[in-house]
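**Q** Protein chains in written order, with the working numbering: chain A, 1 to 504; chain X, 1001 to 1260.
Derived from the structure by calculation, the hints contain no laboratory data. Predicted model only: the values in this text are computed from it and were never measured. Glycine included, every Cβ here is placed at the ideal spot set by N, Cα and C. There could be a bad hint or two in this list.
[To be verified] A few chain A residues facing chain X, derived, Cβ under 10 Å:
1) V207
2) G208
3) F209
4) Y211
5) P220
6) A307
7) I311
8) P314
9) L357
10) P373
11) V374
12) V379
13) T418
14) A422
15) P423
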Amino acid sequence: MPTVFKSIRFHHVLPAIAVLTLALSAGARGGDAPDRWWAPGEGRVFPAELDYDNANGTLRALLVDGPMPTKGHPFFEPLGPNGRACVTCHQPADAMSLSAESARRQWERTGGKDPLFAAYDGSNCPTLPQAERASHSLLLERGLIRIERPWPVRQFNGQPVTPDFSIEVVRDPNGCNSGPRYGPAAGRISVYRRPRPVANMKYLLAVGFPYDPKQGYALPLDPDTGKPESGNLMADNRAGNLRIQMEDAAASHLQMLRRLTPEQRRQIEDFELRIFTAQQASKTGGAVNTTGARAGPARLRDSQPGALGSIGEPVWSEFTGWEKISTEEARSLTPEQLAFRQSVARGARVFREKMFLITDTAGINSRIGFGNPVRNSCVFCHNMSQMGNDVAPGQVDLGTTTLPFADPWADLPLFKVTCLKAPHPHYGRVIYTYDPGFALTSGRCADVGKITLQSMRGLSARAPYFSNGLAKDLRGIVDYYERRYSIGYTEQEKQDLVNLMSVL
Amino acid sequence: MKRTAIAAGWFVVLAAPLSAQAQQAGELVRFIACPVYRDTDSGRKSGCWLADDRESGIRYDVSQSPYKPDWNREVLVEGRVSADPPTPCGATVLEPVRTSRLDTPCPRHMLPAEGYAGRRYKLPRRNIDPLSVPRKVPPGPYAERTFPVYFEFGNDFLVYQYDDWLIDNAVTWIRAAHPRKLVVTGFAATDPTSVSGRTIAEPAGLAAARAASIAETLRRLLPGMIVETRAQTGALPTDEPEADGLPGQSQRRAEIRAVF
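Start from the sequences, fold in the hints, and give me the full structure.
**A** In structure tokens:
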């Protein structure tokens, strides 16, 4: 993958410089340009606008009120003994997440010595020989970080939750769910998940309505502000606000022995609320904010978060302008550009309008009363304008982590969950899962396998997809949904969806 | 608010002969059945839900229930025969109607659309505005008042686009009225009744569970408000309008009483 770092503002670029920029984007590496990998403590300046190439085009990161020196900034400085910083797993080039490709690149560049591969959670298990590549296979192949959850379940404040299920380990290929130190009997359950993007945060924190219809309660209140929580921050919703998320991450991923100071938290939160990322240009289709399209990170930065697409601006209507490109505008495009833009516009419509039967999916078909099955489209859940996450807390079980829907993974632990009270509404009394998901936060059998929907922005920069890296590429996402719900997409519709997702 | 408890005897007498005359508009029907999904497609949420009353042999369209069936489980159907034509789904329409999901398993059954269009989805009357829309402050004077909230049979789950709307209205009033405390009483229909040849009754503990569920929601919506809970079994029907004239629905409720 060519590496390009540009700290120049596109809208200030003169034509001659644009030619140079194009050359850089094509694959040349600037002699003095910093590497695309942000190592902790480098002290770079984070520019107001930052572009990185990826396989599908160019991702742009916008920093409101940037540029910002990162020297001494707690998001960018190694705070704990393992040498990591927040930025280690939330890389600007990867839409503030971490691609498996970047992890592999760092392994090759550092011989596996990068702090990313810290034994604690950057390997399949700390008990494995750390110098061996195979001990980090989950991170290198699927971008997975080990997440350790307490058992029995505890709330964010350490208060115990009495689970209504028991959990046993069926298979432990990595050794982190058995033995004297790991596993349910030792009070520690290891699951493996993708880092979620730390960008476009105002959307993830937005609260559209006062209720969580999936749980049947009003939204829980933020313990710090007393305001309703969005429930959309973490895969298992274990942290309802950024303070709790930061402290969780600092104590685990950074292995900090001390708590973050209030000033460090303030600085991290300030940065996270100012950073916006999205694909800015497609290699095939060109810039996403031309010929009537209105996508890209600037739109994200400038829009109001938390709007429900079905009663306001339809999801991905940013590309409506590409449905009918005028003849005059079409003349300015290559045939490939025109065809790609038309495909993206069709993909947006397929996303909104292609109906299919959603079945046996907790969070949709139960306990909320939509019925099982219910006919709807992708925007049923991916309903927030501009972002495609859920306006309500998005804990839904697509089956990506739970049998029989999940793909077989011999290298992931498999748990047997037994519901002690009411059976799960779809799986029954006994459930086999690679990751119980939200149930490890709520303690409820009905929540096994639920994973919080996340942002759909910057996808081209951060493969693989789904919480356990099930889909290695964008086509893999579409294929999973097709397998799961027998949607009946045509080949054209599949490609249109892939093209749409490639420019988000 | 008008609240009248209706004698249980009235309910039994009224319900007993209904199935034989079920085709008359406004008649009440109550039965248990395995639901049938008809795969109509007029856009989102447009599939039809059908249920057959075994005693009368009549197939009903129960799609208008605020909480819809699960094709893997039996449903308790409670509804009134509508004068609407059966054109959307191909069966006699019940409206208002409730379909409570029971624990007993059913074989899945899906019918093709067979030429029926289903119903194009429209937002129900009972849907709340986003938080960004200011609520209209209800006028005073304010005095003790009770707000009912309703549940599926055997369930304490807050019903989307029904209970959230009822609670939103109640909370808007409570915020304006500043009562001293709230008393939430959960009710459960624990008296056994015979439906489709089966005796059904809600468990006694459900009354307290319903009260606790609504109280928790109120504590989240009204931080600092004193919320007490009570439980009452043997719930009787009421004629509260938001139960839509369905006695069984009116029994399965919680009441939020604002005390000054």
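**Q** Are the hints correct? Go through all of them and say.
**A** Against the structure, the hints:
no., hint, verdict
1, V207, "holds, 6 Å"
2, G208, "holds, 5 Å"
3, F209, "holds, 6 Å"
4, Y211, "holds, 5 Å"
5, P220, "holds, 6 Å"
6, A307, "holds, 8 Å"
7, I311, "holds, 8 Å"
8, P314, "violated, 13 Å"
9, L357, "holds, 7 Å"
10, P373, "holds, 6 Å"
11, V374, "holds, 6 Å"
12, V379, "holds, 9 Å"
13, T418, "violated, 18 Å"
14, A422, "holds, 8 Å"
15, P423, "holds, 9 Å"
The structure fails to meet hints 8 and 13 from the earlier list, while all remaining hints are met.
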